[in-house]
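Spelled out from the first residue to the last, the chains are:
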Amino acid sequence: MSELALPKVDKNILTKKSLIVSDLKRIINKDNVLSDADEIKPYETDALAAYKNTPLAVVLPENTQEVSEILKYCNNENIKVIPRGAGTGLSGGALPLNDAILLGLGKFNKILDIDFNNNCVVTQPGVTNLSITHAVKHKGYYYAPDPSSQLACSIGGNVAENSGGVHSLKYGTTTNNILGAEMVLMDGTICRLGGKTLDQEGYDLMGLICGSEGLLGVITEVTVKILKNPQTVKAALVGFPTIEDGGNCVTEIISSGIVPAGMEIMDKALIDATEKFAKAGYPMDAEVLMIVELDGTNSEVDSMLKEIEKISQKNNSNSFKLSKNEKERMAFWSGRKAAFPACGAMAPDYYCMDGSIPRGKLSEILKEITRLSKKYNLAVANGFHAGDGNLHPLILFDGSKKEELKKTEEFGAEILKACVKMGGALTGEHGVGIEKRELMCEAFNNDDIQQQLDIKKSLDTKNLLNPGKVYPILRKCAEEGRVHVHRGEEKFPDLPRF
Amino acid sequence: MFIEEKKNSQIYQDSNYLKPDTEIGVSNLVKDFYKKKLPINLQGTNSKKYIGYNVQAAKTLDLSNLNGVIEYLPEELYIKVLAGTPIKTIEDLLEKHNQQLAFEPLDFGYINEGKSNKGSAAGCVATNYAGSRRFKVGSVRDFVLGFRGVNGKGDIIKSGGTVVKNVTGYDLSKVVSGSFGTLVALTELTLKVSPKKIFQNTIVIYLKDIKIVSSLFHKVLDSSNEISGAIYIPDEPKSKKFDLNKSRVFKFNDLKNDGPFFAIRLEGDRVSVQERLQDINRELELKKYKTSILDNHQSVPFWIKVNNLELFTNTKNNLIRAVIPPSNSEKLMKFLGNKLKYFIDWSGSLFWIEVPDNEDNKIAQIREFISNNEGYMTIIMKSENFDFKEKVFSTDKAKLMISKKIKESFDPKSLFNPGRMYREI
Chain A
1 MSELALPKVD
11 KNILTKKSLI
21 VSDLKRIINK
31 DNVLSDADEI
41 KPYETDALAA
51 YKNTPLAVVL
61 PENTQEVSEI
71 LKYCNNENIK
81 VIPRGAGTGL
91 SGGALPLNDA
101 ILLGLGKFNK
111 ILDIDFNNNC
121 VVTQPGVTNL
131 SITHAVKHKG
141 YYYAPDPSSQ
151 LACSIGGNVA
161 ENSGGVHSLK
171 YGTTTNNILG
181 AEMVLMDGTI
191 CRLGGKTLDQ
201 EGYDLMGLIC
211 GSEGLLGVIT
221 EVTVKILKNP
231 QTVKAALVGF
241 PTIEDGGNCV
251 TEIISSGIVP
261 AGMEIMDKAL
271 IDATEKFAKA
281 GYPMDAEVLM
291 IVELDGTNSE
301 VDSMLKEIEK
311 ISQKNNSNSF
321 KLSKNEKERM
331 AFWSGRKAAF
341 PACGAMAPDY
351 YCMDGSIPRG
361 KLSEILKEIT
371 RLSKKYNLAV
381 ANGFHAGDGN
391 LHPLILFDGS
401 KKEELKKTEE
411 FGAEILKACV
421 KMGGALTGEH
431 GVGIEKRELM
441 CEAFNNDDIQ
451 QQLDIKKSLD
461 TKNLLNPGKV
471 YPILRKCAEE
481 GRVHVHRGEE
491 KFPDLPRF
Chain B
1001 MFIEEKKNSQ
1011 IYQDSNYLKP
1021 DTEIGVSNLV
1031 KDFYKKKLPI
1041 NLQGTNSKKY
1051 IGYNVQAAKT
1061 LDLSNLNGVI
1071 EYLPEELYIK
1081 VLAGTPIKTI
1091 EDLLEKHNQQ
1101 LAFEPLDFGY
1111 INEGKSNKGS
1121 AAGCVATNYA
1131 GSRRFKVGSV
1141 RDFVLGFRGV
1151 NGKGDIIKSG
1161 GTVVKNVTGY
1171 DLSKVVSGSF
1181 GTLVALTELT
1191 LKVSPKKIFQ
1201 NTIVIYLKDI
1211 KIVSSLFHKV
1221 LDSSNEISGA
1231 IYIPDEPKSK
1241 KFDLNKSRVF
1251 KFNDLKNDGP
1261 FFAIRLEGDR
1271 VSVQERLQDI
1281 NRELELKKYK
1291 TSILDNHQSV
1301 PFWIKVNNLE
1311 LFTNTKNNLI
1321 RAVIPPSNSE
1331 KLMKFLGNKL
1341 KYFIDWSGSL
1351 FWIEVPDNED
1361 NKIAQIREFI
1371 SNNEGYMTII
1381 MKSENFDFKE
1391 KVFSTDKAKL
1401 MISKKIKESF
1411 DPKSLFNPGR
1421 MYREI
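Chains as they are written, first to last, in my numbering: chain A, 1 to 498; chain B, 1001 to 1425.
Derived by calculation from the structure, the hints in this document are not laboratory data. Remember, predicted model here, so these are calculated numbers, not experimental data. Mixed in with the good hints, there may be bad ones.
Stated by the list, open to error - Below 25 Å or equal to it, Euclidean Cα-Cα: the simulated PhoX-like pairs (lysine-lysine) are:
1) B/Lys1251 / A/Lys170
2) A/Lys137 / B/Lys1219
3) B/Lys1404 / A/Lys72
4) B/Lys1251 / B/Lys1197
5) A/Lys314 / B/Lys1197
6) A/Lys462 / B/Lys1080
7) A/Lys417 / B/Lys1080
8) A/Lys139 / B/Lys1219
Stated by the list, open to error - For the chain A half of the interface with chain B, some residues (derived, Cβ under 8 Å), not all of them:
9) Ser18
10) Ile114
11) Asn117
12) Gly172
13) Asp187
14) Lys228
15) Gly296
16) Thr297
17) Cys352
18) Gly389
19) Gly423
20) Gln451
21) Asp454
Just so you know, even glycine gets a beta-carbon here, dropped at the ideal spot from N, CA and C.
Just chain A, with the same shape it has in the complex (with noise of 0.2 Å):
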């Protein structure tokens, strides 16, 4: 594992943690706290799996009477809280800390409303986000965001990381597709924002939650848009010869004025990995491939398909295969959704980074990652969410060997700096959390981050809620000479940063 700096360790907490965990249950069902080291172990990591710590106790409220009152306790008690839905997180978010209560939301499991007059559903936050689908395709209707991790991953989550998925190119993010939520703020505070209407008046603190991850409140309630299914998916695999043929032909089928559902590159190696793996019917030919999906109403699809392969030939395309039906499509896609797994049958490690990039940029981005795989010399694989320039490479490596989680670790960072070099961001879709924390200072300068610490500060005060993520602890801006320090005070002290 590798070294992480971490908020330092309240020991007056830890010295407390039988009167600590007495207190909590009498807050709530006592069976509903977890603190033995075997019922707190699943708890340990969330799906950024290098790094485990142990939480001092867990709580499983049951409504948001208690998720209040647990943090109204914790808040008067200067105890730390980490939020945590499913665990699916891929950056860190819900890492535990030592002398921190880890407040689980595994029990708000229930949907409350399906709406189809007003095309929307009322959840809890443990829902996962494929129950809402499921829940309402008898209809016709399905929930849009789709985040690869859609069967295990919760909607409370998505609303704090902001989820997106293969199709966010045409439907947008987790932001875009809800319409309300229920939040309570580490002082206890509950309060409701929008509902069933499009919009809200006054600030828009459902955007500002939307993405916060975990740090501003939690969300105990979730009201989310819903859409009725379109009248056809078709997809399409495009094979070109090389990185800048594939890249420019998603570039040109943007700026065409076609917007696909989705569309997705892969490089060789993942095409290789993948392929091997499941046996997708990839052209082994191609040194990229792009999967295209268009949906809407039959001849607008007809017409979009033309069109790309019009402009896929333009753009040296050396196959081009068009779904004939609905298995076939899903075959097109079996392969880039096994990317994951066919990785891991390739490496005992692999670490899968997120950044975005401007589309035109693709095939700068990919050479550069070669360059850098050389340096490192550990190898790569390439998947990316193409026509919204989001990335996902995933680099192989050993974990057993002591200083390859290291050495991966800089080759994502180095990575990700080129993202933002680029005009891109150093997470598109997986949040910041504690992997990207320590970049944040490539992205923003110190009034930025400051303005940022200061909504913190001004909603949870004494920073207790989630601490440790998101902001630069370890490596500070002043190391890049960018630090505005005010008559020898840092802003915002009580933030652990060292």
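For chain A, the structure is supplied; the task is to place chain B on it using the hints.
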């Protein structure tokens, strides 16, 4: 600070009306106001000055000199502009590349001055009022990819960027959207642009049964035919308290405007629009009603007029913008009856309601009804004798408390547009 800027900011400080040319100029002025604790009225091109409460500030900071396109990359689908750039400039440029702002910025010029005035990019974002395509594509805030601005301490801050997928830090672009200049003096905005659909048609359905209107709205929302606009315009009340504009504004060869009508917009390529027209006829069972089709030449100006709010041109009355869950549209139509002038947009969600001067009690009744029916409302235009007993924006206790904290984090001395949205902020 550069000597030239120092000189300029000195000149600005001599006057109560300040018009900096640069972001650093804005920052220096705000830093100075911060020191002196001087509240400021922030404005762009002033096209929406009548929305909200009057700002009690001796100083005005006019940001309209921050005008110009910084970067427009049609193939990357974004445009980066200085925040004071007029929306018209942006739309004209996009038009040349067959692109558009898909959220359809509203034109608030007609209701106030009888002619077009779309204001600036900053004003559009700061108010977050999207047009008819909202229910299909999202609101203004969904198209803000990033911004730069100056907070209430004078610090230059930024958030977001130019890419659509970005979850790096809090999404401050959302918070500044709709904040009416109370958090940040916007200096730069990056907006997502969209390809323009080359062809459109509008189906006009002549009906007045509000039950059927409501059920049609629902069917539109449920349709997979990619409908990008659905409005209902009822008859105007026969009262001298209202200007009767409907027949003048919606004057088209293929529109019979002597009664109420429902209109549905379809956009796309010609073949697709034609095919969907057939399908919608079946889906919405339109055979039952009298209908007509506005071709591309009529459909385009028709929706422009809708989004110009031309029905309320030069009104001297109060104008309310109410948003409710679409299934409550029938109830609200029933409540409004035929005594008030209104129309419905966003396929049943958005009501624009005109309430005569000196009838503030009616506004109170509407607000009560809206809040009992899970909606919210804003008094966009206040008539001459509006008595201010009714709040312009609605909120609740917890939300107001949180909003105060957010305000304080951006603008700790409450310098920007104090009281514009809420008395307390």
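query = Which hint numbers doesn't this structure obey?
reply = Structure breaks hints 1, 6, 9, 10, 13, 17.
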